[in-house]
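Asker: Please build the complete structure, drawing on both the sequences and the hints.
From first to last, the protein sequence lines are chains A and B.
By this note's numbering, the letter at position 94 of the first sequence is numbered 94, and the numbering carries on one by one without gaps.
Take any residue in the second sequence, note its place counting from 1, add 193, and you have its number in this note's numbering.
Simulated from the structure, these hints should not be mistaken for laboratory data.
From the three backbone atoms N, C-alpha and C, an ideal C-beta is built for every residue, glycine too.
Possibly wrong hints are sitting among the right ones.
With the Cβ distance kept under 7 Å, some of the chain B side facing chain A (calculated, not the full set) [what the hints assert, rightly or not]: (1) 363; (2) 367; (3) 576; (4) 776.
Dumping the calculated DSBU-like pairs for lysine-lysine here, alpha-carbon to alpha-carbon at most 30 Å [what the hints assert, rightly or not]: (5) B:234 to A:181; (6) B:759 to A:179; (7) B:761 to A:176; (8) A:179 to B:368; (9) B:774 to A:179; (10) A:179 to B:761; (11) B:374 to A:181; (12) B:759 to A:181; (13) A:179 to B:236; (14) A:176 to B:236; (15) B:234 to A:176; (16) B:383 to B:368; (17) B:236 to A:181; (18) B:757 to A:188; (19) A:3 to B:368; (20) A:176 to B:374; (21) B:368 to A:29; (22) B:234 to A:29; (23) A:188 to B:761; (24) B:761 to A:181; (25) B:234 to A:179; (26) B:757 to A:176.
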Amino acid sequence: MIKNIVLCGVGGQGTVLASKLLAAAAMEKGFTVMSAETIGMAQRGGNVFSNIRISDGEAMYAPMIGTGEADLILAFEPGEAVRMLPFLKEDGFVITNTRAVKPTTATLTGSGYDAGPMLEYLQKKVADGHLMQVDGDSAAAALGNPRVLNVVLLGAAVRTGALGLTEEDILNVMGKVIKEKFLDLNRKAFTLA
Amino acid sequence: MHSEFLMGNAAIALGAIAAGVDLVAGYPGTPSTETLENTAKYKPEGLYVEWSVNEKSAMEVAAGAAYAGARTMVTMKQVGLNVASDPLMSLEYIGVKGGMVIMVADDPGPISSQTEQDTRHFAYFSKLPCFDPTSVQEAYDMIQDAFAYSEKYGTPVFFRPTTRICHAYASINIKDVDEYKKNSPEGFIKDSKRWVIFPRLSNANHKKIEARNELLKDVFSAYPRNMILNGGSDKGAVDGEIAALGGLNAAASKKGIAAGGISFALTMEALHGRTDARVLKVATPHPFPEKLAVEFLTGLDEVLCLEELDPVIERELIYVCGKYGLDVKIRGKLTHDTANAGENSLDLIKQYVGSFLAESGSADIACEPENAPQPPTIPIRPPVLCAGCPHRASFYAVKVAMRRQKTIFCGDIGCYTLGNAMPLDMCDTCLCMGAGINIAQGVYRIEPDTKAFAFVGDSTFFASAITGIINAVYNQAEMTVCILDNSTTAMTGHQPHPGTGRTMMGEVVAKVSIEAVLRGIGLEFVETVDPLDLEKAVDTVKRAQEVPGVKAIIFKSPCVAITKPKGKAFIDPEKCIGCRKCIREIGCPGIVINDGFVCIDDSLCTGCGLCAQICPVGAIGGEVHD
Chain A
1 MIKNIVLCGV GGQGTVLASK LLAAAAMEKG FTVMSAETIG MAQRGGNVFS NIRISDGEAM
61 YAPMIGTGEA DLILAFEPGE AVRMLPFLKE DGFVITNTRA VKPTTATLTG SGYDAGPMLE
121 YLQKKVADGH LMQVDGDSAA AALGNPRVLN VVLLGAAVRT GALGLTEEDI LNVMGKVIKE
181 KFLDLNRKAF TLA
Chain B
194 MHSEFLMGNA AIALGAIAAG VDLVAGYPGT PSTETLENTA KYKPEGLYVE WSVNEKSAME
254 VAAGAAYAGA RTMVTMKQVG LNVASDPLMS LEYIGVKGGM VIMVADDPGP ISSQTEQDTR
314 HFAYFSKLPC FDPTSVQEAY DMIQDAFAYS EKYGTPVFFR PTTRICHAYA SINIKDVDEY
374 KKNSPEGFIK DSKRWVIFPR LSNANHKKIE ARNELLKDVF SAYPRNMILN GGSDKGAVDG
434 EIAALGGLNA AASKKGIAAG GISFALTMEA LHGRTDARVL KVATPHPFPE KLAVEFLTGL
494 DEVLCLEELD PVIERELIYV CGKYGLDVKI RGKLTHDTAN AGENSLDLIK QYVGSFLAES
554 GSADIACEPE NAPQPPTIPI RPPVLCAGCP HRASFYAVKV AMRRQKTIFC GDIGCYTLGN
614 AMPLDMCDTC LCMGAGINIA QGVYRIEPDT KAFAFVGDST FFASAITGII NAVYNQAEMT
674 VCILDNSTTA MTGHQPHPGT GRTMMGEVVA KVSIEAVLRG IGLEFVETVD PLDLEKAVDT
734 VKRAQEVPGV KAIIFKSPCV AITKPKGKAF IDPEKCIGCR KCIREIGCPG IVINDGFVCI
794 DDSLCTGCGL CAQICPVGAI GGEVHD
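Answerer: This is how it looks when you write it as structure tokens:
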């Protein structure tokens with residue numbers, strides 16, 4: 001069996017760490033992992049995505065995911081969840097942060113962009129009970145560090161059960177991926193939302 | 194052996210280290226950059242790693258070391274190879290003693306590049322063998338083969354991954370340190386008949402190269418990474434990944450698919466469970482494994498070629514069909530069955546495979562139900578200069594100083610290309626590394642009443658702008674060169690360069706002074722100014738216009754991505770009159786509108802203070818740069 005996960009957001013939100021944690025936890029269980037990351041020019045405020053694929057032994061050749069193949073979309077920004085939604089399986093899960101990141105172009109042109117219509121669309125499209133809307137920024141801010149947004153959202157994603165990984169699986173590998181002095185903070189963030 | 198989750202570029206680096214590489218040189222460029230960085234990160238004792246000033250230097254340093262019997266790797270992106278092509282073309286006629294791998298990362302899309310050029314063509318042009326990995330695991334394994342072939346045949350070889358290999362991660366099997374090959378370079382042995390290129394030597398060696406490449410066609414036909422995937426045959430079991438495709442009933446099939454690189458991996462995903470196509474995996478597009486191709490083509494009616502960039506495999510198969518009189522229809526880019534530009538996504542490959550095999554199977558393409566809700570408009574997010582980026586201030590100072598004058602602003606390659614975005618709109622041309630300096634001269638020659646400006650970053654200055662400035666001075670051009678010095682190579686992820694005083698070996702060295710270089714060339718007006726001091730910066734640009742000839746302004750302020758923020762700006766809602774001049778003039782992502790009010794986004798603001806210097810009513814304060 002292969003689990004396909006799409007992580008998406010805006011450059012600088014920390015999608016790469018979340019995908020490394022998932023990969024480390026999956027490898028610890030003996031699974032094979034592949035992922036594709038956005039690196040380069042798009043990181044400067046552009047939309048970024050990662051594809052992560054976890055196999056328990058089934059043949060897997062490429063790190064990329066096709067339309068309608070994702071078991072779970074983990075979105076750091078609601079508009080980006082909508083952008084990547086075509087990749088979701090019919091009964092797939094969507095975990096989305098609720099805060100919109102406004103692009104500079106929208107500020108300049110005065111054109112409106114809000115989270116509201118994005119979340120409404122997700123509610124219509126995602127199967128009942130499979131959409132989780134998380135105010136990850138507030139949760140991270142409450143911990144005193146907005147940078148743990150990624151781990152807050154990852155916690156919510158793991159608790160859906162759709163990844164074939166448990167909370168313990170992730171907590172066990174945090175020490176391998178995250179620096180000692182940030183470990184406690186990240187452990188708290190992971191179990192928060 | 195053990196298993197690790199590695200980025201493709203890290204796998205390539207570790208593969209080179211396992212092959213006993215002695216020297217690695219390169220110039221940063223997406224998607225190749227992390228390869229050299231990882232060789233430095235995992236550097237065993239005795240390995241020398243450098244960021245060279247440009248790809249030509251890197252190629253020559255690596256060639257020299259390979260003359261002395263060392264195993265060497267040189268890393269660059271595809272357009273970097275254009276810069277290094279002069280030494281490359283001649284080097285093939287000389288050859289090498291130690292194995293030399295030229296790692297050139299291609300960028301289908303393009304995602305972060307100027308061109309969609311195909312290094313496999315460069316391999317054909319320069320007559321070098323070329324290795325083309327299909328996965329992260331294969332990249333790790335194959336680069337070790339590349340060193341061995343290079344050394345055996347005395348020629349540099351290309352190793353050509355693409356973005357989806359370089360920037361993919363995978364849990365792969367790698368060697369333990371005690372399994373690494375140990376190499377002891379023999380040293381340079383003087384022999385002017387071997388190492389000094391003269392027409393006579395070139396003529397003799399040209400014949401040898403052609404004969405060798407004929408031989409390599411056969412050698413590569415037997416290279417196990419070139420293979421026909423064929424469930425019932427003994428071929429195809431190279432590693433666990435690929436052997437897993439059992440059950441392909443090749444004998445019964447009249448259709449074949451030929452693929453290389455990531456397109457091969459995507460083809461295997463698309464064929465999942467299908468048994469109605471024979472597959473040719475091309476690991477060495479040059480010299481082409483001709484015998485293997487004949488074996489693959491024999492008995493087929495039609496072949497679909499799946500590859501990115503140029504139709505290299507496709508043309509080779511057409512050639513093989515012609516040469517051996519095989520009546521097989523070869524399809525792909527040349528027959529417009531597949532797109533001739535852009536990246537291959539999994540969806541695209543599924544669509545191609547689906548329609549190609551439609552007669553013998555059904556293509557499963559997901560369709561949207563008709564009454565589905567329409568998605569809301571999702572914002573476009575073009576890349577922009579970071580909040581607080583000093584380049585924004587430099588561009589703005591020139592813009593303000595030159596208002597209502599006839600100007601041309603020639604840009605260059607780096608973060609500052611993003612100065613083209615509205616509202617700055619300060620990049621009228623951009624071509625390739627260092628070109629802006631000479632383009633500005635060309636425009637000035639035809640329109641002498643135009644105030645010509647060239648913007649160039651500090652790393653690009655060292656890489657390829659200096660000769661252009663000498664050309665301008667010597668040929669009496671009128672122009673202002675603006676060096677945007679943020680003390681790093683920012684766009685590719687902050688690599689050191691000659692102006693930073695740090696090397697990849699961790700040494701702290703004397704900085705090469707941009708100002709001293711410019712004075713040495715003979716410029717009289719060379720001023721360094723902090724772009725975040727708007728008034729002074731504008732004044733400097735204006736004063737430069739009063740001086741004839743070539744002038745230079747060094748706008749010096751460190752990259753905000755690697756320095757501590759100076760503070761946070763704050764907009765006093767009592768004072769703000771809502772004119773939005775700050776937004777209209779500089780377009781900083783740190784200034785946003787919330788509920789109709791102009792606000793600072795605390796998570797982005799670095800306290801550069803540019804907006805505070807622009808606000809007409811002094812409403813912006815807080816902790817900002819002064």
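Asker: Each hint needs a verdict: does it hold in this structure or not?
Answerer: Hints, verified against the model:
1. Given the 7 Å rule on beta carbons, the hint for residue 363 (chain B) holds: about 5 Å separates it from the nearest Cβ of chain A.
2. Annotation: residue 367 (chain B) was flagged as interfacial toward chain A, and the flag is violated, the nearest CB pair being 13 Å apart, outside 7 Å.
3. Annotation: residue 576 (chain B) was flagged as interfacial toward chain A, and the flag holds, the nearest CB pair being 4 Å apart, inside 7 Å.
4. Residue-level restraint check for residue 776 (chain B) holds (minimum Cβ-Cβ distance to chain A is 6 Å; threshold 7 Å).
5. Restraint check: the Cα-Cα separation between residue 234 (chain B) and residue 181 (chain A) comes to about 22 Å, which is no more than 30 Å; the hinted pair holds.
6. With a C-alpha separation of about 25 Å, the suggested pair residue 759 (chain B) and residue 179 (chain A) falls inside the 30 Å cut-off, and the hint holds.
7. Taken as a hint, the residue 761 (chain B) and residue 176 (chain A) pair is broken in the structure, with Cα atoms around 34 Å apart against an allowance of 30 Å.
8. Only pairs whose Cα atoms come within 30 Å are accepted, and residue 179 (chain A) paired with residue 368 (chain B) is accepted, the gap being roughly 26 Å.
9. Between residue 774 (chain B) and residue 179 (chain A), the direct Cα distance comes to roughly 43 Å. Violation of the 30 Å bound is thereby established for this hinted pair.
10. Of the supplied pair hints, the one linking residue 179 (chain A) and residue 761 (chain B) holds, its CA atoms being roughly 27 Å apart against a limit of 30 Å.
11. Restraint check for residue 374 (chain B) and residue 181 (chain A): the C-alpha separation of about 38 Å exceeds 30 Å, so the hint is violated.
12. With a C-alpha separation of about 24 Å, the suggested pair residue 759 (chain B) and residue 181 (chain A) falls inside the 30 Å cut-off, and the hint holds.
13. Between residue 179 (chain A) and residue 236 (chain B) the CA atoms are separated by roughly 22 Å; this keeps the pair inside 30 Å, and the hint holds.
14. For the hint pairing residue 176 (chain A) with residue 236 (chain B), the CA-to-CA distance comes to about 21 Å; that is within 30 Å, so the pair holds.
15. Of the supplied pair hints, the one linking residue 234 (chain B) and residue 176 (chain A) holds, its CA atoms being roughly 17 Å apart against a limit of 30 Å.
16. Straight-line distance between C-alpha atoms of residue 383 (chain B) and residue 368 (chain B) comes to about 36 Å, which puts the hinted pair past the 30 Å bound.
17. Between residue 236 (chain B) and residue 181 (chain A) the alpha-carbon distance is near 27 Å, which keeps this suggested pair within the 30 Å criterion.
18. A threshold of 30 Å between alpha carbons decides the hint, and for residue 757 (chain B) with residue 188 (chain A) the separation of about 26 Å falls inside it, so the pair holds.
19. Taking the CA atoms of residue 3 (chain A) and residue 368 (chain B), the gap is near 28 Å; set against the 30 Å cutoff, the hint holds.
20. A hinted pair counts as satisfied when its Cα atoms are at most 30 Å apart, and residue 176 (chain A) with residue 374 (chain B) qualifies at roughly 29 Å.
21. Simply put, residue 368 (chain B) and residue 29 (chain A) have alpha-carbon atoms about 21 Å apart, close enough for the 30 Å limit, and the pair holds.
22. Between residue 234 (chain B) and residue 29 (chain A) the alpha-carbon distance is near 27 Å, which keeps this suggested pair within the 30 Å criterion.
23. For the proposed pair residue 188 (chain A) and residue 761 (chain B), the alpha carbon gap of about 28 Å is at most 30 Å, so the pair holds.
24. Distance hint between residue 761 (chain B) and residue 181 (chain A) is fulfilled; the C-alpha atoms sit about 26 Å from each other, no more than 30 Å.
25. Proposed proximity of residue 234 (chain B) and residue 179 (chain A) is supported: the alpha carbons are some 17 Å apart, at most 30 Å.
26. Distance hint between residue 757 (chain B) and residue 176 (chain A) is fulfilled; the C-alpha atoms sit about 27 Å from each other, no more than 30 Å.
Of the numbered hints listed earlier, those contradicted by the structure are 2, 7, 9, 11 and 16.
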